[in-house]
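Peer 1: Sequence:
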Amino acid sequence: MKLMEITLQVSRSRVILFLILICVISLGLKLYTVDFSIPPHGDDFVYVIDAVQYNQGDFFVSQKKNPGWPLFLAPFMSIINSNDLLDYTNLARVLGLIISTATIFPMYFLARKFFDEKYSLIAASLFAFEPHLNYNSGAALSEPLLILVLITSMIFILHNKTKYLYLAFVFVGLCWWIRLEVIYPMIAIILIYFLVHRTKSNSLRNFSIGIIFLLITIAPLFIQRDLQFDDPFYVWYSGNIFADDYTELMTAENSGITNFVEKHGVLGLMDKLANGLTNLFNGLFRILYPYLFILLPFGVLFSLRPIDQKLKNVKANWIMIIVIISVLIVPFTIVDERRYLFSLFPFLIILSTIAIQRVTDNGLSTFSFSDKQKSIFLIITTGIVLLLSVIFITGITGFGYGPPNTALENEKFEFAKHLVENFDGRILRDAVVIDYLSYVNLTSNDNIDFKTFKSPRGKDPYPDQYEPGRVVQVIVSGKTVEELVTNGQARGLKYIGIPEKGSYFFPFLNDLYDNEENYPYMKKIFDSEEANYEEFKIKAFEIDYKKFHELNG
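Just so you know, the working numbering puts the end of the sequence shown at 556, numbered straight through with nothing missing.
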């Protein structure tokens, strides 16, 4: 008996040692992708600003986001006392790196619901070396925390003890705190509960108690929205999620499903959802590189007839995958955002590990491995996965991420400073063009302290914040240059910036970049070529509305 305990202890010690080694390698890959000198831009800027406000005791909810990640960051903001917003951003980046690295352990425990220690370590390695997750982990975004909480909820719902089932409902509620669109774990956990636990005694009673815990967990969000917006269910996207495109999503009102069906019919709705599914699978295929796209098809096939896994657990894993995909079809009808798909990785990795286990343990019809060959095969497989991840992260083959392009980001930053220091008016909101405008506006104004800055509290998350002497962004919709200019005049649009590689939201502006002579009402005010920029290629124009109306009647 003592010998068995010693053997078990050694085995656990080796598991911990291997996990620590995996974490160290994973952290190295993550750090390669982070440049701590780059200021925040995009969602990371919003999260950090909200976290600073929460740390000051100013609690609110965003019109279009849930506050879980900033609330998590807020207590840590007290650690430092700096007048540099970049210091707080880097703290958020470090916390993201720590969470993402620490999640390797829960990933191992989730895999233990399907595999023995050996293959659970393989699953943890697939997760730890995944380049898209590693690239995202140091960006001060919410995905690392979301994935940690989601994995934890899945571990608990597959547990046999009742108290852990209750915790599953708590953690699935916390998922929704972190991301607004993450309603899918609630649906999935309920379905998984009845799949796995419906035959147990008091299953309905335990389910009811679990739902109570879930409601208690998410209730503060509804209470705060009611206090702030006079509507416990208010979400800015809810009225226009079925807009025709992203810019209309940002500007249209009452573009819900009823209005969309009235405008386009049921067939139009079906076509839009089909387009969302196509966009989703296109994004999913891209994030399966560099190694999951090889393993996953075999994992899907082998999971249909599992040999070494509990059938209910495999079905539970499939429920989570299918529910996530089903819910995300709607946002993917408009926004092709691969980050939304990152929560699929733990469950896709479980399927991929099934493929590795099946081939290793049972071989194929033409061969099988000896015990020694199995160990060698797993070592080689893990080595190939790590090599592919390193190649993809470093981009040494021209395919993948590559190191942070500090020169590009610095030129984007300089462009934002140039706008703020030399111009006055509203510029078209577009990705890439004004990445750092909010940061420059907040940190270069002596009359504004980012620690006392207040985010918009009304129902519109994008109120007009223009003041004389400032350059601010404004959202305008349009499907042609002429329509964009016409709509822009009503919103006070003065400037348009266009990157060389094309506008993501306004692809028709590419012709303006290439053939500016065809648009005499557009006065060029900036050209990166003339400013001797090497990486960031952009042109900016000021709209002459008088000349526009003369030419267009």
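The set of hints was computed from the structure by calculation and includes no laboratory data. Where hints are given, some of them may not hold.
What the hints assert, rightly or not - Capping the alpha-carbon separation at 25 Å, the derived lysine-lysine pairs in DSS-like fashion look like this:
{"#": "1", "residue 1": "Lys164", "residue 2": "Lys266"}
{"#": "2", "residue 1": "Lys482", "residue 2": "Lys540"}
{"#": "3", "residue 1": "Lys527", "residue 2": "Lys540"}
{"#": "4", "residue 1": "Lys457", "residue 2": "Lys482"}
{"#": "5", "residue 1": "Lys420", "residue 2": "Lys526"}
{"#": "6", "residue 1": "Lys313", "residue 2": "Lys420"}
{"#": "7", "residue 1": "Lys377", "residue 2": "Lys420"}
{"#": "8", "residue 1": "Lys482", "residue 2": "Lys527"}
{"#": "9", "residue 1": "Lys420", "residue 2": "Lys504"}
{"#": "10", "residue 1": "Lys482", "residue 2": "Lys549"}
{"#": "11", "residue 1": "Lys116", "residue 2": "Lys275"}
{"#": "12", "residue 1": "Lys527", "residue 2": "Lys504"}
{"#": "13", "residue 1": "Lys526", "residue 2": "Lys504"}
{"#": "14", "residue 1": "Lys121", "residue 2": "Lys377"}
{"#": "15", "residue 1": "Lys166", "residue 2": "Lys121"}
{"#": "16", "residue 1": "Lys275", "residue 2": "Lys482"}
{"#": "17", "residue 1": "Lys497", "residue 2": "Lys454"}
{"#": "18", "residue 1": "Lys166", "residue 2": "Lys116"}
{"#": "19", "residue 1": "Lys121", "residue 2": "Lys420"}
{"#": "20", "residue 1": "Lys504", "residue 2": "Lys266"}
{"#": "21", "residue 1": "Lys116", "residue 2": "Lys313"}
To be verified - Taking CB as the label site, the calculated pair distances span:
{"#": "22", "residue 1": "Ser373", "residue 2": "Lys203", "range": "39 to 45 Å"}
{"#": "23", "residue 1": "Leu411", "residue 2": "Phe112", "range": "36 to 42 Å"}
{"#": "24", "residue 1": "Gly461", "residue 2": "Lys121", "range": "54 to 60 Å"}
{"#": "25", "residue 1": "Ile190", "residue 2": "Ala277", "range": "37 to 43 Å"}
By construction, the Cβ of each residue, glycine as well, lies at the ideal position given by its N, Cα and C atoms.
Peer 1: A separate judgement is required for each hint: does it hold in the structure or not?
Peer 2: Here is how each hint holds up against the structure:
Only pairs whose Cα atoms come within 25 Å are accepted, and Lys164 paired with Lys266 is rejected, the gap being roughly 51 Å. Between Lys482 and Lys540 the CA atoms are separated by roughly 23 Å; this keeps the pair inside 25 Å, and the hint holds. A distance of roughly 14 Å separates the Cα atoms of Lys527 and Lys540; the hinted pair therefore holds under the 25 Å criterion. Between the alpha carbons of Lys457 and Lys482 the distance comes to roughly 34 Å, so the proposed pair goes past 25 Å and is violated.
The hinted pair formed by Lys420 and Lys526 meets the criterion: a straight-line CA distance of about 20 Å does not exceed 25 Å. Simply put, Lys313 and Lys420 have alpha-carbon atoms about 58 Å apart, too far for the 25 Å limit, and the pair is violated. Between Lys377 and Lys420, the direct Cα distance comes to roughly 58 Å. Violation of the 25 Å bound is thereby established for this hinted pair. Of the pairs offered as hints, the one joining Lys482 and Lys527 holds, with about 21 Å between alpha carbons and a cut-off of 25 Å not exceeded.
Distance hint between Lys420 and Lys504 is fulfilled; the C-alpha atoms sit about 21 Å from each other, no more than 25 Å. For the proposed pair Lys482 and Lys549, the alpha carbon gap of about 21 Å is at most 25 Å, so the pair holds. Restraint check for Lys116 and Lys275: the C-alpha separation of about 38 Å exceeds 25 Å, so the hint is violated. With a C-alpha separation of about 18 Å, the suggested pairing of Lys527 with Lys504 holds against the 25 Å cut-off.
A distance of roughly 20 Å separates the Cα atoms of Lys526 and Lys504; the hinted pair therefore holds under the 25 Å criterion. Our distance criterion of 25 Å between C-alpha atoms is met by Lys121 and Lys377, whose separation comes to about 11 Å. A hinted pair counts as satisfied when its Cα atoms are at most 25 Å apart, and Lys166 with Lys121 does not qualify at roughly 28 Å. The hinted pair formed by Lys275 and Lys482 meets the criterion: a straight-line CA distance of about 18 Å does not exceed 25 Å.
Of the supplied pair hints, the one linking Lys497 and Lys454 is violated, its CA atoms being roughly 30 Å apart against a limit of 25 Å. Using a Cα cut-off of 25 Å, the hinted pair Lys166 and Lys116 holds, with the two alpha carbons roughly 17 Å apart. Distance restraint check for Lys121 and Lys420: the Cα-Cα separation of roughly 53 Å exceeds the 25 Å cut-off, and the hinted pair is therefore not satisfied. For the given pair, Lys504 sits about 33 Å from Lys266 by alpha-carbon distance, which is inconsistent with the 25 Å threshold.
At most 25 Å may separate the alpha-carbon atoms for a hinted pair to count; Lys116 and Lys313 meet this at roughly 8 Å. In this structure the supplied range 39 to 45 Å holds for Ser373 paired with Lys203, their Cβ-Cβ distance being about 41 Å. At about 40 Å, the CB distance of Leu411 to Phe112 agrees with the hint of 36 to 42 Å. Taken as a hint, the range 54 to 60 Å holds for the pair Gly461 and Lys121, whose Cβ atoms sit roughly 56 Å apart.
Against the hinted window of 37 to 43 Å, the Cβ-Cβ separation of Ile190 and Ala277 comes to about 21 Å, which falls outside the hint.
In the structure shown, a violation is registered for the earlier hints numbered 1, 4, 6, 7, 11, 15, 17, 19, 20 and 25, in ascending order.
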